[in-house]
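Peer 1: These are the residues of each chain, in order.
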Amino acid sequence: MSRPKAGWSLRIAGMGWVTPLGSGVPAVWDRLLKGDEPPTEAITSPLHARTFQVFRVPTDALAKAPAHPRLRRSSSISKFAAAAGLAALEGAHLELDPAAAERTAIIFAISNGGVIYTKRFYHDVVEAGAQAASPLLFPETVFNAPASHLAAILGITGASYTLVGDGAVGLLALKMAEDLMQNGSLDRCLVVGAEEADWLLCDAYHRWRLLRAAPPIEVFQAQSRGTILSEGAGALLLESEGFSSARPGQSEDRPAGSSILIERIDPGSNFYRRSEAAACLEQILHRLGANNGDIVIASANGTFIDKAESAALLRYCPAATVYAPKASLGESVGAGGIWQVICAALALAEREVPPTLHAFQDHETRPGLPGPSHAQFRRAIVTTCGLNQQAAGLSLQLPP
Amino acid sequence: MTDPQPSNGQPPKARVAVVAAGVVSPLGFGLQETAESLRTGRDCVSIVSRFPVQDCRCQTAGQVRDEGLKERAKGAPHAKRLHRAAQMMIVALKEALGQTPEFKPQLTVVGTTSGGMSFGEDYYRSLHGRQTLRHAASQIANYTPQKAIMDAQEALGISAPCQVIANACASGTNAIGHAFECVRYGRYQQVLTGGYDALSELVFVGFDSLQASTPEKCRPFDRGRTGLVLGEGAAILALENLESAELRGATILAEVVGYGLSTDNHHLTQPNPSGSGARQAMERALESAQLSASSVDYINAHGTATPFNDAAEGKAIAELFGRVPVSSTKGMMGHSLGAAGAIEAIVSLLALRDQILPPNINFRESDPALDLDIVANESRPATIRTVLSNSFGFGGTNASVILAKRNE
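Here the protein sequences come in this chain order: A and B. Following this note's numbering, the numbering of the first sequence begins with 1 at its first residue and continues without gaps. Following this note's numbering, the numbering of the second sequence begins with 1 at its first residue and continues without gaps.
The shape of chain A in the complex, shown without the other chains (with noise of 0.2 Å):
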C-alpha cells in the first residue's frame, strides 16, 4: 500500500451532509446523538405493483439549495451533491475565485447514480421504441452529470473525475484525492459521495436478496434481514495540512469536524466471494494498526456485510466502540462511505458517539456497541465493505 510523503496529511477543511434526517452538519449529527430515526416513504413499482420502503431526503433539507441554471432539469442526486459540496465549501468559509477553482478538484463517488433518469430514459424506450428516446434525459444518465454541473456550479476547471463502485467507493475516492494532492499541483479535493433511491433499485436490491421489506435496519444480528436504501450526499472538502490554517480568520469559529486529519486510507482489495469479505476487512484492520482504543465507524447494513465486519472487528478490536450509522441513516451505496468519514470526524472531535439503532449487543460474538459517551478518543477507523466485492478503511486523528 502506498504511504503519504513523511510529514504531509491531510485535514478535513469542510463537510457538507444531505440525508434522510434532513440537511447540516450539526442539526444531523444531533439528531443521531439523539437516536432518532427517519420515517420511510413508501415508493411503489408501477410494473408490478411491488411497493418498498426508502429513506427519503425530506424536501425541507434542500432549501438552501442554489438555484443553478444547471439544475434545473437534473436529477435529484444533482441537487443533493450540489447542497452537500455547497455546504462543505462554506463550512470551510472558502470562496473558490478562478484561480482556486483551477487548483481545485472535485472526485465524485457513485454507486447506482442517475438511477431516476436513466430508468425514464430506457422505459420509454421499451415502451415506443428508440423514436421515443430523449434528448434531454440521456445526458443525465452519464455517470458524470453531477459532477459536470457541479464543477460548473463552483466554476472548476481543472480536474473532475468521477468514480464508480459499490459501497466501499466512498473511500477510493477519498484514496484518488490523497494520491492527486501529493503531485504538487493541486490545493484542495471535493470528495463527493451521491445517490439517489427509486423504486428499480429496491426491486433490483430485494431480487438481490438484499433488501428488508420495511425498517428497521437491525445490524450485527445472528440472521440477515436485509437493508433499506437511502439517499442523499455527503462532501469532504480535503486540503493539505498547514493549508487550510493558512487563511486569515477562520481558525475560531470552524465547524465541528473541521480539523481532523486523514492519517491513512486503505484502498483494501477485493473479494471474490462473500465468505472472503471478512480475511479482506481483516487486513485493512491490520494495515491502520486497529486496536482497542478506537472508535469505529462500520459499514454494516444488516446484510451479509455485518458478519464479515464482525468477524474482522472481533479478531482486531474486540472492545473498541463501534458505530453502524447505516442502522439510523439507510444504505446509500456511493454516499455511505463519506457519510461514515462524516461520522468519524464528528466523534473525534466532539467525544460522542451516537447509539447504534437495532443492534444484536451480545459481546461476545458481536463487537462493542456503547451508546453515547465522552471518552477520550484519538482515532477513529472507518470500515467499508460493499455488497458488490470492494473492500477499504480510513484511519482519522485528531491533530496532534
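Calculated from the structure, these hints are not laboratory results. No false leads were mixed into what you were given.
Residues of chain A placed beyond 10 Å of chain B at every Cβ, according to the derived structure: (1) P26; (2) K34; (3) T40; (4) A42; (5) I43; (6) T51; (7) R56; (8) A63; (9) L89; (10) A100; (11) D187; (12) P216; (13) R287; (14) R315; (15) L357; (16) P399.
Chain A regions said to be covered by chain B (calculated; three or more residues, Cβ under 8 Å): (17) 115-127; (18) 134-141; (19) 148-154; (20) 161-167; (21) 174-180; (22) 383-392.
Sample of chain B residues facing chain A (criterion: CB under 8 Å; computed from the structure): (23) P11; (24) C56; (25) Y124; (26) R130; (27) L133; (28) I140; (29) A141; (30) T144; (31) E154; (32) S159; (33) Y185; (34) D208; (35) L210; (36) T263; (37) G395.
Positions of the beta carbon are idealized from the N, C-alpha and C atoms, including for glycine.
Chain B: place on chain A using the hints.
Peer 2: Below, chain B without anything else, positioned relative to chain A:
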C-alpha cells in the same frame, strides 16, 4: 529514474514505462491484429446485430466478433455469467500479463461509461414484460460498471484495489493519466490501467436521440462529417516505474511522459466552440511532459466526426500545433466511449512501435475551417518519437496523454 533534485519545489518525478499491453476492439484481438488493421485502414464498422436498430437513424457500429471473444475468454470463473465487457477485459488482460507474468499491480485504474449496462437492460425488459426473472439476481450483480474489471482480475488471480473512472468518453484517457501520475510521483511502482465498454441499446439509442450518431459513414474532420458511430472494446496497459522495470529486465514498449486534463463548463454535452477546453488539456499535457508543441510528431485525435467536437478540437490542434499529422481512428472502429482512450493509447503505442501513422478513413474533403494535416484514408510511414492522444467527454471532461518512444 527519479529526478533527484527537482528545481521548482515539486515532488520528484519518476519516468513511467509501458511494459505490457493488451487490446480487444473491432480492429481485432490483440496487438498484432490491431496493428495490421491500422496499417491497412480496415473499415470495421457494420450493421448492429446485438439489438434491434430499425427505428434508429444510425444503424451501424464497430463490433467485437462474438465467436472469437467467447473462445478467448473461455476458462474464466463463471464464464457463462460474465458480461461481454468482462470477457473483453479478460482477453485484453490476459494478453498484457502474458507479456510480463511477473507484473504484480498494486493498483488498477480503469475507465468505463456503462460497464455491463446490457444486463441492466435485460433485467428491465423482463420486468416490463412481466417475464420470468430467473436470472435477475445474476444480471443485477453483474451489470454494475466496476464488475468487468473485477471479473477480469479474478480470472487472472489479481486482487489489486480498483479505481473505476466514469468520466464519459474521456474515462480511458483519464484512467491512464491518473495511473501515470500515481507511478510518476512514487505512490506505486506497478499499476494496471485501461478501459472497457460494450455496446448497449440504451447508450446507442441515447446517441441516436441526440443525433450525434450518423446514418452515414463516420468521417472525422471531413467537411461533410455528420456524426459518430459507436464501438466497443477493452484495452489494458501495464505501467511501471522505468527504473524498476529496467532492473528486472522488462521489455519497455514506450514511456508515458505527460498528462493533462481540463473541465469545460460550457455545456453538458457540447464543447466550448472556441476549443478552449481541448486546448487547455493539451497544453497541460505538454507542460506535464515538459515538451514543446513542436516535439509532438502525431496526434491521435478524439475526432468523433460530430460537427461540434471536430470543430473545437481541430481549432485547438491547429492553433497549438500547426500542421502536425492528425488522425482519428474512430472511422475504422467506432467510438468505444470509456474504452476509447485506452484503445487509442494502444493505437498510439503501435504508431510508435511500427513508425506508421494510422489513417483517418472515410475522409473525402478538407474542412476549410480546419487547417490540419489529416492522415487521410491510408496509413503513412513516418518518424514518430512522441504521440499525443486526446479524449473528450460529456460533462466537459477533457484529457490528453503523451506517449514517447523510450528515450535511450
